[in-house]
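So the protein lines, in turn, are chains E and B.
Mind the numbering: the first sequence is residues 1 to 114 in our numbering, read in order.
Mind the numbering: the second sequence is residues 1001 to 1114 in our numbering, read in order.
Please keep in mind that the hints were generated in silico from the structure rather than gathered at the bench.
Cβ coordinates follow ideal geometry from the N, Cα and C atoms, glycine included.
Here are the in silico distance ranges between beta carbons for each label pair:
#: 1; chain 1: E; residue 1: 11; chain 2: B; residue 2: 1068; range: 43 to 53 Å
#: 2; chain 1: E; residue 1: 22; chain 2: B; residue 2: 1005; range: 33 to 43 Å
#: 3; chain 1: B; residue 1: 1045; chain 2: E; residue 2: 86; range: 17 to 27 Å
#: 4; chain 1: B; residue 1: 1082; chain 2: E; residue 2: 71; range: 27 to 37 Å
#: 5; chain 1: E; residue 1: 40; chain 2: B; residue 2: 1041; range: 16 to 26 Å
#: 6; chain 1: E; residue 1: 17; chain 2: B; residue 2: 1018; range: 44 to 54 Å
#: 7; chain 1: B; residue 1: 1055; chain 2: E; residue 2: 12; range: 43 to 53 Å
#: 8; chain 1: E; residue 1: 54; chain 2: B; residue 2: 1011; range: 34 to 44 Å
Covered stretches of chain E, as calculated for chain B (at least 3 residues, CB under 8 Å):
#: 9; segment: 45–58
#: 10; segment: 101–112
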Amino acid sequence: KAGVTQTPRYLIKTRGQQVTLSCSPISGHRSVSWYQQTPGQGLQFLFEYFSETQRNKGNFPGRFSGRQFSNSRSEMNVSTLELGDSALYLCASSLVAVNNSPLHFGNGTRLTVT
Amino acid sequence: QKEVEQDPGPLSVPEGAIVSLNCTYSNSAFQYFMWYRQYSRKGPELLMYTYSSGNKEDGRFTAQVDKSSKYISLFIRDSQPSDSATYLCAMSARSGGGADGLTFGKGTHLIIQP
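Required output: the full structure, derived from the provided sequences and hints.
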């Protein structure tokens, strides 16, 4: 079974631009979560989608947004990029968003903002 | 005080040694506890998943949870150079991480010397 797939693997953007990252979950997984990983803050929860609805959101500004499609694939968008947005963005999926359903991560998209 | 504390290391041990990795936490609501392993340029890979207190063993890995002390551990027996990676503890209150997001430690960098 294929794992979580994220595209692209690497991105370089300029301050002020916007970016869209894509995630395909493991087949059959309907919950998709996004995390930001930086050396200073570690892994931080961005948001989670289940059945095309955002169910929870972490403590990030409104420039960070996402959506989920009917096939469970998800995208996240960052507008008006700042230097501090440089990070590894990780997508994770789980079978259902309830008990005993751990997250499985993709290999991430490395975003560099210059 | 951060919600989850984890010594960043690096922790360097000889091949074959028993490795002990630990995290402490402050939120008594946490019930689900996980250990992830992350290699360079890869996403976190789920190693162990436990609910509430107790021990769980899987091959060379043993996870322990002591909720009364708010302390979790991961033991690696017969450590191998291929175990060299960053080990992240993670926890959540309501599920395996889908709905309410996981709270991560910053990770311990482990080096197994051949």
